[in-house]
Amino acid sequence: MSRAKLAILGGVIILIGVILNSSLFTVRETEQVLVLQFGEHKRTVREPGLHFKIPLIQNLKVYDKRVLSVDPDAEEMLLSDQKRIFVDAFARYRITDPRRFFQTVNDEAIFNNRFGNILTSTVKEFVAQRNLEDLLSEQRNTIMRGIRDSVANDTEGFGIEVVDIRIGRSELPEAVSQTVYNRMITERARQASQLRAEGEENARRIRAEADRQQVVIVAEAQREAQTLKGEGDATRNAILGESYGKDPDFFEFFRSLEAYKETFAREGTTMVLSPNSDFFKYFGNLEGGRDRVSGRQVPSQ
Amino acid sequence: MPWNSQGGGGGPWGGSGGSGGGGPWGGQRPTGGGGMGGGQQPNIEEMLRRSQDKVRRIVPGGFGSPMIIIVILAILIGLWLLSGLYRVQENERGVELLFGEWNGNVTSPGLHWWPPSPIGEVLTPAVTQINRLNIGFRDASDAGGRGAAQRDILNESLMLTSDQNIADVDFTVQWRISNAGEYLFKIRDPEETVRAGAESAMREVVGQTALDDLLTTAREGVQDKTQALLQGILDEYQAGIAIERVQLQKTEAPAPVIDAFNDVQRARQDKERLQNEAESYRNRIVPTARGEAAGVIQEATAYRDRVIKEGQGEASRFDQIYESFKVAPEVTRRRLYIETLRDVLEKADKVIIDSNSEGGQGVVPYLPLNELNRNRTGSGAQQ
Numbered sequence: 387m388s389r390a391k392l393a394i395l396g397g398v399i400i401l402i403g404v405i406l407n408s409s410l411f412t413v414r415e416t417e418q419v420l421v422l423q424f425g426e427h428k429r430t431v432r433e434p435g436l437h438f439k440i441p442l443i444q445n446l447k448v449y450d451k452r453v454l455s456v457d458p459d460a461e462e463m464l465l466s467d468q469k470r471i472f473v474d475a476f477a478r479y480r481i482t483d484p485r486r487f488f489q490t491v492n493d494e495a496i497f498n499n500r501f502g503n504i505l506t507s508t509v510k511e512f513v514a515q516r517n518l519e520d521l522l523s524e525q526r527n528t529i530m531r532g533i534r535d536s537v538a539n540d541t542e543g544f545g546i547e548v549v550d551i552r553i554g555r556s557e558l559p560e561a562v563s564q565t566v567y568n569r570m571i572t573e574r575a576r577q578a579s580q581l582r583a584e585g586e587e588n589a590r591r592i593r594a595e596a597d598r599q600q601v602v603i604v605a606e607a608q609r610e611a612q613t614l615k616g617e618g619d620a621t622r623n624a625i626l627g628e629s630y631g632k633d634p635d636f637f638e639f640f641r642s643l644e645a646y647k648e649t650f651a652r653e654g655t656t657m658v659l660s661p662n663s664d665f666f667k668y669f670g671n672l673e674g675g676r677d678r679v680s681g682r683q684v685p686s687q
Numbered sequence: 170m171p172w173n174s175q176g177g178g179g180g181p182w183g184g185s186g187g188s189g190g191g192g193p194w195g196g197q198r199p200t201g202g203g204g205m206g207g208g209q210q211p212n213i214e215e216m217l218r219r220s221q222d223k224v225r226r227i228v229p230g231g232f233g234s235p236m237i238i239i240v241i242l243a244i245l246i247g248l249w250l251l252s253g254l255y256r257v258q259e260n261e262r263g264v265e266l267l268f269g270e271w272n273g274n275v276t277s278p279g280l281h282w283w284p285p286s287p288i289g290e291v292l293t294p295a296v297t298q299i300n301r302l303n304i305g306f307r308d309a310s311d312a313g314g315r316g317a318a319q320r321d322i323l324n325e326s327l328m329l330t331s332d333q334n335i336a337d338v339d340f341t342v343q344w345r346i347s348n349a350g351e352y353l354f355k356i357r358d359p360e361e362t363v364r365a366g367a368e369s370a371m372r373e374v375v376g377q378t379a380l381d382d383l384l385t386t387a388r389e390g391v392q393d394k395t396q397a398l399l400q401g402i403l404d405e406y407q408a409g410i411a412i413e414r415v416q417l418q419k420t421e422a423p424a425p426v427i428d429a430f431n432d433v434q435r436a437r438q439d440k441e442r443l444q445n446e447a448e449s450y451r452n453r454i455v456p457t458a459r460g461e462a463a464g465v466i467q468e469a470t471a472y473r474d475r476v477i478k479e480g481q482g483e484a485s486r487f488d489q490i491y492e493s494f495k496v497a498p499e500v501t502r503r504r505l506y507i508e509t510l511r512d513v514l515e516k517a518d519k520v521i522i523d524s525n526s527e528g529g530q531g532v533v534p535y536l537p538l539n540e541l542n543r544n545r546t547g548s549g550a551q552q
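For the protein sequence lines, the chains are A and B, in the order given.
First residue of the first sequence: 387, per my numbering; consecutive thereafter.
First residue of the second sequence: 170, per my numbering; consecutive thereafter.
Bound conformation, chain B alone (with noise of 0.2 Å):
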């Protein structure tokens, strides 16, 4: 080493008294004397000289000087002053211990500096994190959980009711902090803490509640009642935590119970169903007699104009021609009569037989009805 140089050497105390020429930066050469140097590798010899030369220059004294010392010492405190900054983030608060104790003072988000390790630390807790814990059940946001897929944990989920029924419930908390200090130095494991409240208080409240309730009309009051009770034991361990949120996930009947449960609702259904068909089977009757009658009624009503019109308009045309036949009964009733037979007559077919005939060979009348049944019905036929 270039300062355990043999010889004279060194700085100002170093070495033995020597000649005392020179300066006070000793520009001695040391005298070669004794084993070492030599001819051995001059050009290192030579190197190191000259380093120790510059360092001379600006250290005064150089190495083995307590200059130097101070100086390397003065970097070193310098760098572990330097450590000593911290940022703060957003989300974060800054807290401060000196010598593992709390100063009481919060730092804000930013870059600040308090002395390093061992003599401060600092610890810097997210406040304005909302954090999350799932019960009764696990899902991506968890630690190892696997992907996406949610799993219900039956231990944690399956509660007993007030009527002693048992349901399946899922639920979240949202937590944040609300005081650092209490945070971090009043609780050995407040996350555990808050699970283990949660579940206690959900089961308390549950267990005051009906399960039919539980799954329709109760939910907020469930919820409400939770959070209210575990601010409550949170507060009692000065946990430094608020709830901000209980929200349930899923409140169910159990598995093996559930086909039921839904069976009831299918039921509440069918009974809908049949109601509505029932109604518009009323719906399509009803009417339809009403249509019916309606049409009954109108058909009675034609039928009564209409006859009371064919009897006016008979009548008018009796009184009309019974005025012309008072005008001249006799003439007029035998005209009639006359063309009443002659319409009568012309169409039909005639067979005139004179019983009374004088000198009559006497006809016997012989009818072949057969025969004239089939021409009737065949004329009949060709009309």
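Bound-form chain A, shown alone (with noise of 0.2 Å):
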């Protein structure tokens, strides 16, 4: 065989290649392709693998069959008492007509735009009819759904399936925050001393209580401590009387010589007696001179 039937294989079989390579195309499992001719919609293809099509004169337009995700910014809006605030929404969605999406839209930058504004704007409209608290309650999950619904309703002409609106964030102004800030730091604030004036008062009331017990006790010690003083004193009495009572002259007599020793037989006592005295009876007189208790003279018997 010649060189020129070798090139001309070779060629052939390159041919081959290009043309094999035109129309054959694989989808993937993320992908949904449009087969298009001269612009016209042929068919929607969504399996994944290998396809074919008609070389050079269909193309393929390929869009994502995942879950895509739109989340424009967050826009200030008003709540239904005229309070204002910030709310983040995002939206989850699936084409789910490939077709309709290509005709309506044509690519997804153009559709989020567009999403992102019919979104913004359900937002606006249901929060207006919601107040703060709504938000923050059980009902958030039943707003959002409603904003989901709403939104499907709008989107349908897109041939896409919102899968899922959400709020994410939804946060107050700077200066109403503000507003919110010295109210909490004011309510501690009324807290704390609070707490501090309870802790003051039991303290106070535990003091004086333990004062008052203080008192009582020490009162009721002296009081028994007289009582028993006075029990001694009374037994004794008692006691002496009944001693002393067996012969009182006597008892007289004992206890004022008792007292002479007591009182005077100490040193630095200076007495100026007289020698009529009883001691003296024998000094003058050596039969003793007058008894002064029977004022006899003496001796006498």
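For the record, the hints were derived by calculation from the structure and aren't laboratory data.
Treat each hint with caution, since some may be false.
[What the hints assert, rightly or not] Below, simulated PhoX-like cross-link-like pairs (lysine-lysine); rule was C-alpha separation at most 25 Å, straight line:
{"hint": "1", "chain 1": "B", "residue 1": "Lys495", "chain 2": "A", "residue 2": "Lys647"}
{"hint": "2", "chain 1": "B", "residue 1": "Lys419", "chain 2": "B", "residue 2": "Lys394"}
{"hint": "3", "chain 1": "A", "residue 1": "Lys647", "chain 2": "B", "residue 2": "Lys478"}
{"hint": "4", "chain 1": "B", "residue 1": "Lys478", "chain 2": "A", "residue 2": "Lys615"}
[To be verified] So the derived label-pair ranges between C-beta atoms look like this:
{"hint": "5", "chain 1": "B", "residue 1": "His281", "chain 2": "A", "residue 2": "Ile402", "range": "29 to 37 Å"}
{"hint": "6", "chain 1": "A", "residue 1": "Ile443", "chain 2": "B", "residue 2": "Pro278", "range": "43 to 51 Å"}
{"hint": "7", "chain 1": "B", "residue 1": "Gln416", "chain 2": "A", "residue 2": "Ser579", "range": "31 to 39 Å"}
{"hint": "8", "chain 1": "B", "residue 1": "Asp393", "chain 2": "A", "residue 2": "Gln468", "range": "34 to 42 Å"}
{"hint": "9", "chain 1": "A", "residue 1": "Gly435", "chain 2": "B", "residue 2": "Ser310", "range": "34 to 42 Å"}
{"hint": "10", "chain 1": "A", "residue 1": "Ala538", "chain 2": "B", "residue 2": "Asn272", "range": "29 to 37 Å"}
{"hint": "11", "chain 1": "B", "residue 1": "Val240", "chain 2": "A", "residue 2": "Gly435", "range": "51 to 59 Å"}
No residue lacks a Cβ here, since even glycine has one placed at the ideal position from N, Cα and C.
If you follow the hints, you should be able to join the two separate chains into one complex; please do so.
Shown next, in the form of structure tokens:
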């Protein structure tokens, strides 16, 4: 065979390759493909794998089959009570009818723009019918679902399915946040001072109670002490009385003598005496003078 | 090029008819003729011819024959097929695609083969690995995190609570791939979806919790509720993701307010402290008073006992003396009297003045009290 034939063979092979390349295409698991002929839609391919198309005159438009996201920026909006709030909502959607999608918006970027606008305005609409309390309650879920249904309604014509719409951040504007902070601060300050006041009151009460107890205990003890002492004195008097009462005269005599001893029998006492005392009875008189007590002259029996 | 040699050469179909001699291998040497060759570099030509011979010996037909092309093609195809080998690590699973289509199988760790690109493709997601998302803050594990410093992202972390207060919440989500097919093919950006879903879920749960509860008792509940909510959202999207755990890292009042909050804590401690101080005061003075009371009573009791004993002693003494007195009253009376006066006068300073003495010169009593006093105190001091 000649070289020329070889070349022709090679060329044919290459040509076949090119044609094959142009008529075979793969669709991945994550893709869905429109087959267009001269810009006109011919068929939609959503199953993954290897597929055929007419080479050269048919071309492809590839769309994502997965769940896609749209997240417009947070915007400030009004609540039903005229308060302002920043709400950030995001959406998840799928292209379920790529042909429709192609006919209406053609590509994702354009769609995201329009969808974002629809989303934001729907959120504003719903928020304007609620106050902050609702957004923070179990109703949040209901509100989100309402927004989803409304947006799904508005975007039906685009060939998409709205999978979910959720509210992400809902924040108060800066000035309002400041007000909230101030309120939080004053509330805590009030709590703190109340706690401290309670503490002081309790402390005072405990101390006063303790003082009272102390006084009572001591007073009672004093009272009992006095009773005891009184008991002692009374018993003593009774004992002595009983004993001394046996002979009052002798008692008086004896006790007086004791008293003299106790009082005068000390150094430093100066006594100026008269010799008329019975003690000196035998001083001047061998037989003793007058007995002072009886007054009789001694001796006399 | 050796196989473009001019003249005959070549394989069975090469060259002009020429002489059909030689073997089918065409051992004819190219007859020089023509311009080329000749005297120029005969060595190289020699080498070329020799190499051609060698090739012809190995490969029938030598260069330019279809055999060599086939061999080269075979080698290339073999290499290409070899590139279809792939390894699946312990924490991965293999997902095989044929022309972009998944065959539904998941291959286990080890060495496998699958037609290489552009026919087939293999993805190996890490299905047992637990991934971690930080929301509200960034730490060393985040891409672009600076060293180990933890930064708070206020945009993400400040949230509204049910009583319209603002809380600063940092939390972590741990997730893993539960279904490789869903994870790879159902959602375009699964990690971002988890993040956005987690933030939304946490805000929803926090928005239904009061600030005080959030800071204290409700933490567990918030974690569980958020996890359940987030898992529900992801299941609705068919994300093929399982949330292992939602963990609150920090729940605090926002920075401008935190001092006031801490002050409440301090006030609580102050209240305790004041009460404790008062109680310790009470614990001090009441027992002291009791002790004092016991002492007073004890003293009085001692007094009573002493006084009674004294009385008994005195009475007993008196009784005994009286008994002995009764035996000889007069005599005892006098004896006692004299003994007493003796005791008394023995110790005292005595001055005896007889105002009745006969022939008295008349002593005028003059008592120098001052001197007496001085003497007394003087002698008293000496004692």
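Hint-by-hint comparison with the structure:
no. : hint                             : in the structure
1   : Lys495/B to Lys647/A             : 23 Å, holds
2   : Lys419/B to Lys394/B             : 17 Å, holds
3   : Lys647/A to Lys478/B             : 23 Å, holds
4   : Lys478/B to Lys615/A             : 13 Å, holds
5   : His281/B to Ile402/A: 29 to 37 Å : 32 Å, holds
6   : Ile443/A to Pro278/B: 43 to 51 Å : 47 Å, holds
7   : Gln416/B to Ser579/A: 31 to 39 Å : 36 Å, holds
8   : Asp393/B to Gln468/A: 34 to 42 Å : 37 Å, holds
9   : Gly435/A to Ser310/B: 34 to 42 Å : 39 Å, holds
10  : Ala538/A to Asn272/B: 29 to 37 Å : 34 Å, holds
11  : Val240/B to Gly435/A: 51 to 59 Å : 34 Å, violated
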